[in-house]
Each structure stands twice: as C-alpha cells, then as structure tokens.
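*Asks:* Protein sequence lines, in the order shown, are assigned to chains A and B. Last residue of the first sequence: 106 in our numbering, with the numbers rising by one and none dropped. Last residue of the second sequence: 1323 in our numbering, with the numbers rising by one and none dropped.
Treat the hints loosely; a few may be bogus.
Listed below are the simulated SDA-like cross-link pairs for lysine to any residue, each with C-alpha atoms no more than 25 Å apart in a straight line [claimed, not checked]:
no., chain 1, residue 1, chain 2, residue 2
1, B, Lys1085, A, Tyr29
2, A, Lys11, A, Glu67
3, B, Lys1074, A, His28
4, B, Lys1071, A, Glu67
Derived by calculation from the structure, the hints in this document are not laboratory data.
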Amino acid sequence: MDTQFKKGVLDICVLSTLKKKDHYGYELVHKISKDIAITEGTLYPILRRLKNEGYLQTYLKESNEGPSRKYYSLTKKGEYRAKELKAEWKDFEKKINNILK
Amino acid sequence: MKKQEFLEELEEYLVGIPSNEKEEIMQDYEEHFKIGKKKKRNEGEIVKSLGEPKEIAREMRMTFSSSKKSELKSEAIETWVAMKKFTKQLFHNTEDKISDVIQKDKRDKSTLASKIILGALIFLVAVLIINSGFLKILALAIIGYLAYNYYKNDNKKTRRTKRAHSKTTSKEKKRGLSTTKIILSLAFNLLFFIWLWIGLLFGLIGLFIAGLSIIISGAAIFGFGIFALIAHGDPLTKNILFAGLFSGIGLLILGSLFTSLFGWFIKLYLKATQVYIQLNSRFIRK
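Next up, chain A with everything else stripped away, as it sits in the complex:
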C-alpha cells in the first residue's frame, strides 16, 4: 500500500481502536501493525502527535506481570474526532466504490 495513504488511515485506526477500550502502547502498536503493514516504531510518533493535539490522554496503571504500563485513552475531543473521521471514511468509501463499479 502507498505510504502516504497509509498514514492518513492510521489516525482512524488508532482512534477507533481506543474507542473500544483503553490500550497500553505495546498492545495498540502491535494490534494495528498486524493488520496494516507498517513498522511498529512509526506508530509511536502518531500516538505522540494525537496526544499533543489533545485527542488522547495517558495514565499509568500497574500490571500483574511487571512494572506499570502507560495506557492510552480517548479524550472527549478524541471521541468526537473518531466519529468525524469514521463518517469521512464512510463517505470516501462510498465514492470509491462508485468509481470502481
């Protein structure tokens, strides 16, 4: 897949995955990179950007298998953004499908 295209899609993936439940970094990165062929390392910058833009927040939580982990969750703004992006995606999908028909 084209990298430029992939990058645009990644925001949606991160926000939608976090909408279902809070994830810790490793889990989130691993999950997304399994479905979309992208190196795991380049997802952290995206998380950082989304956090700086106020869509995500982080908190530390103890885990039973070792040191505490950094969890990511959506802010109100992030939830709204996820909805917005999803609607945009649906619209985009429809248009592309029309062209492909």
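With chain A's structure known, arrange chain B on it following the hints.
*Replies:* Then chain B, alone, in the frame of chain A:
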C-alpha cells in the same frame, strides 16, 4: 542490532526535540522492549519490527514542526549523525591498527610495512603542521597519542580483549579493514576533500547572505520609491522614481530566487555528504 544499540541510535537522531519530550519518547520505546520480552519475543525481532531509528526520528520531528522545515532539519541531523558515526568508527579502527603496528614492531624490530605506514603517518602530520595552528595542535595530539600507545603496550592487550568482548555485536564492522585504505582515505580527506567541502559550504552560506542582502536592498529601494512618489510627485522625478520602484521589485524577486536556490542546494549538499560518508566507510572496508 540489539536493544541498546537501537535506543542509542534513536537518541542520537532525536537531536533538536525538546528534552522532556525526548525523555518520554525514550521511555515509551524502553517500555515497548520490556513488554515485548515478557511476550517471549527476542530483542532482534523487536528491533526489526520497530523499524529504522532514522525513520522514527523523522516522524517525531514532523509532529513538532512543519513538514518542509522538519525535512531539512532531518537531512542536517542525519548528516551530522553519519559524520559522528564515521569518525568514531575511523578513530577506533585507526587506534587498533596503530597499536597493532606498534606491537608488531616491538616483537620483530623492523617490519618494512609498519615502517612505511608510520612514515606515511608522519609525512601526513608534517604536511599538516605547515598549514595552520589548529592542525599543529591536532598533529601534536597524534604524536602524543602514538607515544602514549608505545609505552602502554602492556595494558593494551587486556584493554583490547575487554573491548572486543563488549563490542561483540559490532564484530562484523571491526573485521576486514585495510590500513592502507584508512590512511589513503584519511590523507585524501584531510588534504583535499575537507577543503572542498568547507569551501562549498561557505559558498552556499555566501549565496544565502547575498540573497538576503539583495532582498533587503530591493525592499529599501522599493520603499523609498513609494515614499518619494507620495511625498513629492513632480513630473520630472516621477519617471526616475518609477524606474526605481520597478528595479526594487526586480531585486526583491532576484533575492528570493537566491535564497530559495540556497535552500535547494543545501539539501543537495547534505544528501551528497551523507552519500560520501557512506562511500568512505565502504571504501575502508576490504
């Protein structure tokens, strides 16, 4: 590449990112390694799935400034890191080679090869002494270092094995380096290339400054033209003032052309430096 190497390289490439942010970024990746290991993945595997530190740093920088600015910044930082890496590698290898030569020299009093190499080094140093004060200091440092090595031979052996032990990961880098090629590239770079390199850099900076000053003078002429036209617009001077106005506009455009040319050239220059450094490190390997 191992975890430690990955983290070190990443930190090196993260130059220019605010230090508190940088610390957090490093912590994120360390946590990634920790959890990955808990999930029974080995270090090499994790490193591979994380991708290139260079790419990660590029992406990080993009989140802090506009993409065009950050691209040029990335280019500059990558060149800097490549230079640092190359110098470090060259230094370690030369150090090993020199101590090899000296040790060999001590064992059987006179090897022709080692004499030639030492002779070449001394010649190089002599040439450098003629040039300038800074190079004199550098040459003195080299001579001092040689002397230091000569008398420290006994300790050297244990230190060398220790280093070989701690650097098992970069073993392949240490193998197969040619002394003659190191000296050749050192001589070529110090005597010829570095001056060209510095010269080009200053040429480019000159282009930028020229561009800036043309922009400033263009703006000044343009501003003066407008001011004068408003202040006293008698028909005789009007034509001259109009000519001035347009030449001001022309100069403004010329200046911006110069500065954008500079931006383009400096990018090319940085890329070329990176490629040149890579060529050099490939050359000194056998």
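*Asks:* If a hint holds in the structure, say so; if it doesn't, say that too.
*Replies:* Hint by hint, here is what the structure shows:
1. Lys1085(B) to Tyr29(A): 20 Å, holds
2. Lys11(A) to Glu67(A): 33 Å, violated
3. Lys1074(B) to His28(A): 18 Å, holds
4. Lys1071(B) to Glu67(A): Within the cut-off at roughly 14 Å; holds.
The structure is inconsistent with hint 2 alone, although it conforms to all the rest.
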